[in-house]
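These protein sequences, in sequence, are chains U, X and V. For the first sequence, the working numbering begins at 110 and goes up steadily by one. For the second sequence, the working numbering begins at 394 and goes up steadily by one. For the third sequence, the working numbering begins at 1008 and goes up steadily by one.
Don't read these hints as lab results, they were simulated from the structure. Some hints could be false.
[What the hints assert, rightly or not] EDC-like, lysine to aspartate or glutamate: derived pairs with alpha carbons at most 20 Å apart:
no.	chain 1	residue 1	chain 2	residue 2
1	V	K1047	U	E528
2	V	K1071	X	E577
3	V	K1096	X	E531
4	X	K769	X	E790
5	U	K222	U	E169
6	X	K786	X	E799
7	V	K1027	V	E1013
8	U	K397	U	D364
9	U	K194	V	D1079
10	U	K249	U	E463
11	V	K1099	U	D450
12	U	K596	U	D364
13	X	K414	X	E549
14	U	K203	U	E463
15	X	K493	V	D1057
16	V	K1099	X	E531
17	V	K1099	U	E443
18	U	K485	V	E1013
19	X	K526	X	D481
20	U	K523	V	D1032
21	V	K1047	U	D409
22	V	K1071	U	E344
23	U	K136	U	D158
24	V	K1027	U	E443
25	U	K374	U	E412
26	U	K444	U	E458
27	U	K203	U	E243
28	X	K599	X	E553
29	V	K1080	X	E428
30	U	K248	U	E144
31	X	K526	V	E1091
32	X	K511	X	D555
33	X	K568	X	E428
34	X	K475	U	D481
35	X	K493	V	E1058
36	U	K197	V	D1079
[Unchecked claim] Examples of chain V residues toward chain X, derived with CB under 7 Å:
no.	residue
37	R1012
38	L1021
39	I1060
40	G1061
Bear in mind that the values here come from a model prediction, so they are computed numbers and not experimental data. A virtual CB, placed ideally from N, CA and C, is assigned to each residue, including glycine.
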Amino acid sequence: MDITELTVHELQDKLKNKEITISEITKAYSDRIKEKESDVDAFVTILADEAIVKSRKIEEKINNGELKSSFAGIPIGIKDNMCTKGIKTTCGSKMLENFIAPYDATIVERLNKEGMINLGKLNMDEFAMGSSTENSAIKKTKNPWNLNTVPGGSSGGSAAAVAANLVPWALGSDTGGSIRQPSSFCGVVGLKPTYGLVSRYGLVAYASSLDQIGPITKDVRDCAMLLNVLAGRDEKDTTSIDRPKVDYVEALKNDVKGLKIAVPKEFFGEGINKEVKAKLEEAIAKYKELGAEVEEVSLDIAEHALAAYYIIACAEASSNLGRFDGIRYGHRSEKGETLRDIYFNSRSEGFGPEVKRRIILGTYVLSSGYYDAYYKKAQKVRTLIANKFEEVFKNHDVILTPTSPTTAFEFNSKSSPLEMYLADICTVSVNVAGLPGISIPCGVDGKGMPIGMQLIGNKFQEETILNVAYTYEQATNFRANYKPEFKK
Amino acid sequence: MARSDYEVVIGLEVHAELSTKTKIFCSCPTDFGGEPNTHCCPICMAMPGTLPVLNERVVEYAVKAGLATNCEISRDSKNDRKNYFYPDLPKSYQISQFDKPLCEHGYVEIEDDEGNLKKVRLLRIHIEEDAGKLNHDEFGGGSLVDLNRAGVPLIESVSEPDLRSAGEAERYLRKLKSIFEYIEVSDCKMQEGSLRADVNVSVHKKGEPFGTRTEMKNMNSFRSIVRAIEYESNRQIDVLEEGGIIEQESLRWDDVSGRTFSMRSKEDAQDYRYFPDPDLVAIRLSEEYIQNIKDNLPELPESRKERYMSEYKLSEKDANLITASKYLSDLFEGTKNVCGNAKLSANWILSDISRILNEKEMEPDQIPFTAVQLGKMIQLIENGTISSAIGKKVLTELFENPIDPEGIVKAKGWIQISDEGAIKAVVMQVLEANPQSIADYKAGKDKALGFLVGQAMKATKGQANPQMLNKMFIDELRK
Amino acid sequence: MQVSREQLLHIANLSRLNLKDDEIDNYLENLQEILTFAEKVNNAPTDGVDETIGANDNYNVFRKDEVIPFEDKEALLQNAYSQERGMFKIPKVIQ
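Here chain U stands alone, though its shape is the one from the complex (with noise of 0.2 Å):
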């Protein structure tokens, strides 16, 4: 058996029947690292020696009966934007190298208050900033499908050690697409939730109207339980909504029978790679087959989301990214004389081409004499976007799309930055609405790359879409016929 196969759920099983132990786990998930990653460069940190004292640790914990959590010993990889206390928080940024945060973020001391074990902080793109890990100061990741392509972006550190089963799950954090997109590219589950389901407090910021964290899992239970950790209103985070406790792995019913599924034609159009469309057919047909009801609607938002987020994610981002000024922590430039002089040079040593090209548009769409014809319109298209998904789910559970238009591509095979931004056109519309959203693996294409399908579901109804998800896992099991091959 190796245990770096298993699922979460299935981890506790053989936890609970003493099949394996938690020291166990942590040695053969450091084994992994150490064979694995050296082809998928997924870490910017690993805390596997670490992993190895702690679980002992927690072994004692529990076996005092101090610790009672079924998730005790359960081993996490963290996206390194989380802060994390005493262990480098970078950012994939030259800026934040070596920067050691003086707190633990919310979700970060809800994993150690259940006993869960940081196996290392996952690779990203610069801030969060990108859709192939590519803007990664620190590294290039590779896809654990074809290490000669992305893993998706921003969250494609997490994504990909997830597929090559160096940590059993992951945490990511999703602000136009960057949970869900490189899981569709790794052939793994991402779930961004409503915003405003999980804290951000010591999320570092990109577009903080639109970030949320959300976990990056092998199969679909696995997903519910760890959205179960994470969801919850936290008093740092005013954003966050005080909502009555849900039970997310009881919504799995294994049933789509009489729900509605709504597939908007317009994400099926041009632009839409055939292979993906196809196998998205396919998922259509499965659900119809399992009793759900499908309907073609009309959702012709695409185009305004993606052009509304990038103007509202970069103004955000402009002013969020303020902060590195080389003064009290980050990159401080050894050239220069004044104040003026370690403002510039730090930030533009530190920070690298895409970020700073975001910062520029944000400040520009922000400036005097441009607000009301970006800004505020952008804000505008924002809640024409949240009204028209309304529209939708008046009469539908959920809306099924294509998570990217292609599966993962080659490395430096993009032109130009808006060619990478159009990689987000099936996912900033649920940003932008705030609602949450799943991929899932639906089968590969012709090379065996992933393909994703997206489930979204109306405000809060992450119920609804984990049990359509899960619904079609058990019907198809992706895991069980396709597996990454590390092809180089």
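Chain U is fixed; fit chains X and V onto it per the hints.
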């Protein structure tokens, strides 16, 4: 043209630090002073990933301030980011309010230069966070950033350009300060920087449209505000008279040279790129919330003034002077409660204490002693333990070393001599030494009595009971 | 909207970013392309639609005015490039 052909137009943006226990967006203390960067946490240091949470008391205090200055309170408000780079601003944006301030369209009443009542309109009062402090590094020649003050809550009160002289500006600022003190939202200590004003000045020929304004930032004493307005308005008139034009710019007032200087270079053209802070949610105030604050508003100066006139029979002038400052007014009420004599309490405050404050260039909030101490001192006079003359000395002492006045009197040996025998001895001694004065008195020169009493006081170092001295001299001289 | 070189430099200055000469043309081209795409928001039928303010419908989420001191003062300073007497050191600021 003469200066009198010009009209000066002044508007004030007044920043008052709120006297909350904690900062506006985190749970760090707001106490003044403290070792550098010890009243800080990841939030006010703008560590990556941190988020602000608004202090409920900041909203309450701002609403209080708005109600006390006749503002309309916004039912729907929000926080915005003002983006600019400066080392005392750790996030590189200040969380402030842009288009939906908590309070709008208020006014306060002052006396204009002719002594008539004048309404000065308030455009708005909004909440925002203070910046940190830059200290000079004596050794390395650099600057040092201390963020203890970063995130201390402020209310900014923006007046309309309704003020027409330095005097009006001063009275307006004093009035605003006094209101904030009365409603206890700010201690308004200018010397600690908890009350500061940005002063906008322009001039124009009477009958013509307003001129271009300049702004002098962060002024924190009444004296420099008055001087700066006078200097800057004269400078502008001179420029115009010489055919020049006024540039809209920020100026720095230099107290030592008594001049203003241009502050920013052209390359730092500002564009604050205000936008709603996505980390904070909307503020919606209900009628009940606002009514509840209104119902619990402390007594304002106008009402105290009326009460002092009706209950304690103070003159309107005296009541005005005392209620102009909450510190004086509180001192008066406290003193009166201890000594039981409102009139005497008022007299001491308006004569000797005000004189000393003037001499020392101190504000009432800097009075070091308590109302109990002052009240006890008045009691000592009332019960004959000390004379009024000694009282003045005790008061001087209280300003230096505010301890129990009885302790001062004992330690200094200032207890009044009321013993008849002892007084008689002094009287006889003085009469013996001044035969000419006796003659003068008998010749009808009443002044001679004053001289004799003065000599006796001198001989007893002011400790003799003056009433007894007076009586005894008259008795002896009439013999 | 057409972005000029001067505008780009002004924006870079506001953002405290240096752009090297060879970067300027590249950024100018990117910015123009992205802005042209972003202008698609203008085709959206937003008449009578309110702008979204805030990330969601939450409101009045406040904190009590109670002091909670942050204990780990050292950790707050540990990432600074230069410090002196517990303060962050920077070149002299002329005020």
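Item to check | Hint numbers not upheld by this structure, sorted from lowest to highest | outcome: 12, 18, 33 and 37
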